[in-house]
Structures are given as C-alpha cells and as structure tokens.
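Q: What follows is each chain in one-letter form.
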Amino acid sequence: MYLVVLAQYRANMAVWSLASILQIIVYMSVWIAVADARGGSTSGYTANTFAGYFLVLLIVRDMTMTWIPYDLPGQVRKGDLAPKLIRPFHPVLMTVADMFAFRVQSVLTVVPIAAVMFLVFDARIAGSVGAVLAAIALIPLASVTRALVDTLFASTSLWLVRIDGIRNLYYMLLLLLGGQFAPLALFPAWLQNGARALPFYWTLGYPTELAIGTAPLSEAWIGALVLTGWALVTFAVLQPVWRAGIRAHEAVGS
Amino acid sequence: MTTSSDIAISAEHLTRAFRVPVREPGLRASMRSLIKRKTREVRAVEDVSFEIARGEVVGFLGPNGAGKTTTLKMLSGLMHPSSGTARVLGAEPARRDHDFLRRIALIMGQRQQLHWDIPAHDSFEMLRVVYGVDRAEYREQLDELIELLDLAPLIDKPVRQLSLGERMRCELAAALLHRPEMLFLDEPTLGLDVQAQRRVREFISRYAARTGATVLLTSHYMADIEALASRVLVIHHGRLQFDGELRELADRTSDRKLVTVRFEPGSAGGADPSVARELVAPFGEVVDTDGTECVVEVARADVRARMTSLLDLPGILDFTVEDEPIERVMERVFESAAPEPVVTS
Numbered sequence: 002m003y004l005v006v007l008a009q010y011r012a013n014m015a016v017w018s019l020a021s022i023l024q025i026i027v028y029m030s031v032w033i034a035v036a037d038a039r040g041g042s043t044s045g046y047t048a049n050t051f052a053g054y055f056l057v058l059l060i061v062r063d064m065t066m067t068w069i070p071y072d073l074p075g076q077v078r079k080g081d082l083a084p085k086l087i088r089p090f091h092p093v094l095m096t097v098a099d100m101f102a103f104r105v106q107s108v109l110t111v112v113p114i115a116a117v118m119f120l121v122f123d124a125r126i127a128g129s130v131g132a133v134l135a136a137i138a139l140i141p142l143a144s145v146t147r148a149l150v151d152t153l154f155a156s157t158s159l160w161l162v163r164i165d166g167i168r169n170l171y172y173m174l175l176l177l178l179g180g181q182f183a184p185l186a187l188f189p190a191w192l193q194n195g196a197r198a199l200p201f202y203w204t205l206g207y208p209t210e211l212a213i214g215t216a217p218l219s220e221a222w223i224g225a226l227v228l229t230g231w232a233l234v235t236f237a238v239l240q241p242v243w244r245a246g247i248r249a250h251e252a253v254g255s
Numbered sequence: 451m452t453t454s455s456d457i458a459i460s461a462e463h464l465t466r467a468f469r470v471p472v473r474e475p476g477l478r479a480s481m482r483s484l485i486k487r488k489t490r491e492v493r494a495v496e497d498v499s500f501e502i503a504r505g506e507v508v509g510f511l512g513p514n515g516a517g518k519t520t521t522l523k524m525l526s527g528l529m530h531p532s533s534g535t536a537r538v539l540g541a542e543p544a545r546r547d548h549d550f551l552r553r554i555a556l557i558m559g560q561r562q563q564l565h566w567d568i569p570a571h572d573s574f575e576m577l578r579v580v581y582g583v584d585r586a587e588y589r590e591q592l593d594e595l596i597e598l599l600d601l602a603p604l605i606d607k608p609v610r611q612l613s614l615g616e617r618m619r620c621e622l623a624a625a626l627l628h629r630p631e632m633l634f635l636d637e638p639t640l641g642l643d644v645q646a647q648r649r650v651r652e653f654i655s656r657y658a659a660r661t662g663a664t665v666l667l668t669s670h671y672m673a674d675i676e677a678l679a680s681r682v683l684v685i686h687h688g689r690l691q692f693d694g695e696l697r698e699l700a701d702r703t704s705d706r707k708l709v710t711v712r713f714e715p716g717s718a719g720g721a722d723p724s725v726a727r728e729l730v731a732p733f734g735e736v737v738d739t740d741g742t743e744c745v746v747e748v749a750r751a752d753v754r755a756r757m758t759s760l761l762d763l764p765g766i767l768d769f770t771v772e773d774e775p776i777e778r779v780m781e782r783v784f785e786s787a788a789p790e791p792v793v794t795s
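Heads up: the sequence lines are chains A and B, in that order. Residue numbering for the first sequence follows my numbering, beginning at 2 and increasing consecutively. Residue numbering for the second sequence follows my numbering, beginning at 451 and increasing consecutively.
It should be emphasised that the hints constitute simulated quantities derived from the structure, not laboratory data. Please note that the accuracy of each hint is not assured.
[To be verified] Ranges between beta-carbon positions, derived for each pair:
#, chain 1, residue 1, chain 2, residue 2, range
1, B, Ala503, A, Val108, 50 to 58 Å
2, A, Val108, B, Asn514, 46 to 54 Å
3, A, Ala198, B, Arg490, 40 to 48 Å
[Said to hold, decoys possible] Cross-link-like lysine to any residue pairs, in silico, SDA-like; alpha carbons within 20 Å at most:
#, chain 1, residue 1, chain 2, residue 2
4, A, Lys79, B, Val470
5, A, Lys85, B, Glu542
6, A, Lys85, A, Thr157
7, A, Lys85, B, Val470
8, A, Lys85, B, Tyr671
Glycine included, C-beta positions come from ideal geometry on N, C-alpha and C.
Whole structure, please, built from the sequences with the hints as guidance.
A: Written out as structure tokens, the structure reads:
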C-alpha cells in the first residue's frame with residue numbers, strides 16, 4: 002500500500018531520493034578529499050575505493066534502514082498507536098511493510114543513480130562476484146536485525162513518549178559505529194572493537210565491506226552468525242519489553 | 451437462564467487509575483518541576499461491574515471525563531485495568547490475542563483505519579488482507595456497506611479530500627469489513643451534521659439487527675442513545691451510577707412533565723405571549739413561550755389534577771403532555787461535585 006502512497010506524491014518521492022543520495026555523496030566527497038590530501042590514500046582507502054565504499058553503503062543503507070524510531074514514537078505521542086493496537090498484528094509490521102515498499106522504490110531510483118555515480122567518481126571495489134552475492138544474501142538478515150533493534154529502541158517511547166533527544170544519540174551511534182560516516186578502518190582500534198560489539202556495524206558497515214572486498218568472503222559465515230545472534234537476542238528481549246510498554250502506554254490522545 | 455456463552459461483556463470491579471504530573475503555571479513552577487515533580491492519582495474508572503448479553507445495544511452515558519472512553523479502552527484491550535477483570539466474547543482483552551482482535555471493532559474519532567493520502571478502497575483492500583477476509587466475503591460485505599452508507603462516490607477519492615461526515619462513513623465501513631461481533635463505538639456521530647448523524651444511526655441499527663452484533667456506544671447526543679440503545683449505563687466520576695432502561699432512568703430522576711399549551715391565534719393568550727404566561731403560570735413554572743405556544747413544567751403528581759383546570763383557560767386550543775427531554779434529565783444526573791484531587795510529591 003505504501004507504494005501507492007509514494008506514487009501519490011511523485012515530487013516528494015523524487016526529492017526524498019535526491020536528499021538520500023546527497024547525504025552519502027557529501028561524506029564520500031569529504032573522504033575523497035582527505036585521501037587526495039594525504040597523498041592518494043588513508044588507512045588503505047584511496048579516492049576510488051572510498052567512492053566504491055560509500056556508493057555500496059548507499060544501497061545497503063536503503064535496503065536495511067527503517068523509520069521505526071520515527072514512526073512509533075510519533076504514533077505514541079499523537080495517539081495514533083491505539084487504532085493500530087486493535088488490529089490483529091503487531092503495529093510495527095505496518096512500518097516494516099512500508100519499508101519494503103520504500104526499498105522497491107529505492108531499487109528503481111537510487112540504484113541506477115548509484116550506478117551512474119560509480120562511473121562519474123571512478124569507484125572501485127575489490128570484492129569478487131561471490132563476495133557481492135554473499136553481501137546481497139546478508140541484506141535480508143541485516144534488515145530484520147536492524148528492524149528489531151530499531152523497534153527495541155523505539156519501544157522506550159511507550160514510557161517516555163518523546164524520545165527526540167535519545168533518538169539523535171541513537172542515530173549518532175549508528176552514523177559513527179555503523180560505518181556510515183566513515184569505514185571502520187579509519188577509527189582507532191578500541192573504537193573498532195566497540196563498534197563490532199554492537200549491532201550497528203553488522204547491519205550496515207559489514208555487508209558493505211564484504212561487497213567491496215575489505216572483509217574476507219571466507220568469514221562471511223561469521224557475519225551471518227553475528228547478525229542471527231543479534232536478531233535472536235533482540236527478539237527475545239523485545240517480547241517482555243513490548244508487553245510491559247503496552248501496559249504502561251496509556252493510549253492517551255486517542 | 452443466562453449462560454456464559456450468552457454474555458458478550460463481563461466486567462467485574464474494573465478500575466483504572468492514572469498518575470498524572472501537576473504543576474502551577476509559570477516558568478518558575480516549570481523549572482521547579484524539573485527537580486521535584488508533583489503528581490496526583492486520577493481514578494478514571496472505579497469498581498465498575500456490569501454484564502452485556504450478546505446482541506444487546508447498550509448506551510454508555512456520562513459527562514466529559516466520566517470514564518467512558520477509558521472503560522471502552524479496557525474492554526477492547528487497549529489499556530490494562532489497574533484492578534478488576536474484564537472478559538469480552540470469552541477472552542481477556544488485555545491479552546490482545548489476535549483471534550479476539552479479529553472479532554471486535556473499536557471506533558474512536560475520525561482518523562483510525564484509513565490511510566490519509568490514498569482513496570478509501572485501497573485502505574479497505576489492505577484491511578481485507580490484515581483481517582484475513584476472503585475475497586468473495588469481502589466483496590459481498592463491501593458492496594453491502596457501500597450501499598448502506600452511500601459510499602460509491604467517495605471511495606476513489608483520497609481520504610484527506612473527504613468531508614468529516616464522508617470520512618466518518620468510510621471509517622465505519624473500514625471498521626466493519628471483517629464483520630466484527632463486538633462493536634465499541636466512542637462518539638460515532640461527533641461533529642457530524644444532522645443528516646449524517648441520522649444516516650450513521652440507521653446504519654448501526656441495521657448492522658446490529660442483521661448480524662446480531664453486540665454494540666456498546668458512547669455519545670453526547672441523546673438522539674443517538676434514544677434511537678439505538680434499549681439499555682444504558684451511566685458513569686460519573688468513574689463510578690457506575692445506573693444500569694437499566696433509559697425510560698427507567700428518566701422516571702427515577704425526573705418528577706416533572708412538560709405541558710405545551712396552544713392558544714387560538716385570535717385570543718388574548720395567542721396574541722400576547724405575556725398574557726399567555728400569566729394564564730398558565732398558576733399551573734407550574736413557565737419555561738418557554740413561542741408565538742401561540744407556552745411550555746410549563748408541572749410536577750408529575752399534579753398533572754392529572756391540573757390538566758382538568760387547564761381546559762378552562764380562555765382561548766385554549768390544545769395542549770400536550772410530554773416527559774422532560776432526556777438531556778435535561780441527564781444534566782440533573784450529572785450535577786454533583788467532583789472529588790478533591792489527591793496531590794502527592
């Protein structure tokens with residue numbers, strides 16, 4: 002149904018796609034400039050491989066992100082959650098379904114643009130066909146894990162109602178530790194280890210690094226295992242948290 | 451004998467309390483509240499018990515803040531009771547089992563089921579999938595709803611372009627696509643014009659009669675309750691004040707009748723309202739005069755005796771005796787001071 006909504010607002014869809022791409026282009030341009038300023042490479046990344054990293058990241062990000070941290074707190078605050086709780090399925094699944102529709106739109110718009118950007122910026126990736134296929138295979142698992150983690154985070158709104166400040170912090174962590182701001186290799190070792198201990202890197206940075214060849218294909222099974230573990234743990238924690246949250250939620254405003 | 455399978459709703463000692471923050475107005479009080487927050491407990495629903503049989507249409511009356519919507523939320527599973535128990539269609543609502551949710555509908559306000567940006571028929575199709583309604587049944591139900599609610603010209607327009615009354619009719623259709631056995635309707639005609647209200651009332655009445663659905667509806671419009679409900683529950687300050695027939699409520703709380711006296715146009719009373727008032731004043735309290743008519747409030751016990759004398763008034767054409775409007779009866783029922791709030795720190 003969300004595809005129908007997107008089609009209703011064609012200009013909005015176009016602008017959203019453009020803004021989504023521009024953000025990554027900005028990060029990419031900054032790091033390309035840094036690599037050029039440092040004699041052609043930094044931490045093993047050249048201008049070309051930075052371009053490859055960020056353009057692959059663009060696609061991985063669109064295939065795994067969710068709006069749950071915005072949608073759910075918004076519904077709680079405006080009293081729009083109540084009618085969704087009456088339906089015989091989890092209210093977050095509606096947002097997840099919307100995201101599937103968004104990804105279809107993204108494949109039709111962002112992927113072709115990323116392909117053009119690949120040529121424009123002379124992007125390079127060292128990943129084999131097998132590595133790219135393995136990364137593609139990991140994306141559904143990464144998407145599910147990301148949705149579960151986002152839902153667990155967004156559930157705090159059932160108690161706190163407004164979580165704008167906490168959400169900014171959450172997205173800052175995602176930006177830094179997920180590999181969206183820069184490849185993890187650019188950070189100090191202690192920060193890299195910290196990032197690998199959290200789910201953000203595995204849902205975003207890891208599939209990207211696998212596709213571009215900086216993460217070895219032979220260890221893709223570890224990535225799959227880590228993602229599965231995070232998905233199972235998050236799902237298990239989410240059950241009692243959600244039940245308790247619904248109990249605390251006073252359905253006010255509806 | 452009523453068996454458990456005949457009971458649609460069973461509420462026992464339902465209670466719901468909220469703890470709400472309170473503070474005085476102003477910046478200083480606002481800053482103080484950052485460090486030391488005062489709260490008070492509001493008991494929105496207190497010790498409410500009732501049973502509703504399957505197929506009944508029951509009105510739920512009360513002033514704003516009485517606890518009606520909170521009770522509906524507890525019965526539909528939106529809210530957990532602080533204490534007490536509720537069973538609806540044999541299920542515990544707070545567990546929110548999907549089987550239970552497929553059998554109920556809750557309508558609160560005008561923005562519930564329909565997606566704002568797209569035509570209603572797209573939302574209907576989504577709901578068909580959500581509720582697992584097979585296509586043939588969906589088509590039959592939808593055609594019926596389109597006819598009953600006159601939706602044909604509306605369902606292919608984006609919902610945000612519909613008027614309030616049109617949107618409400620589409621919301622009703624959306625809520626009933628899956629043929630729920632239990633309808634919770636919270637102010638279903640709020641904000642609608644007279645014609646739209648009538649249409650919604652007729653639809654609810656026909657739906658309940660045709661499907662045997664149980665309906666619990668709240669409304670501030672007594673016309674809704676009078677038209678639809680055979681039985682009313684009256685709640686005030688969170689407590690159930692009355693459970694029975696609406697007429698019984700009126701008889702219990704109203705000891706007056708309204709007598710409308712009509713004078714001949716050419717008579718003294720018919721020509722001058724002040725004369726008409728003087729003529730009827732000995733019979734009771736004059737509450738209204740309009741042209742050749744004069745309305746006087748008479749104690750119920752005195753009606754028979756006084757009506758005989760009324761016929762002797764000069765120029766009288768006709769008179770009618772009616773019960774007090776139910777709105778005035780309800781005003782009297784609701785006239786009582788609220789309990790003092792408890793402030794804690």
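Q: Hint by hint, work out which the structure violates, then give me just those numbers in ascending order.
A: 7 and 8
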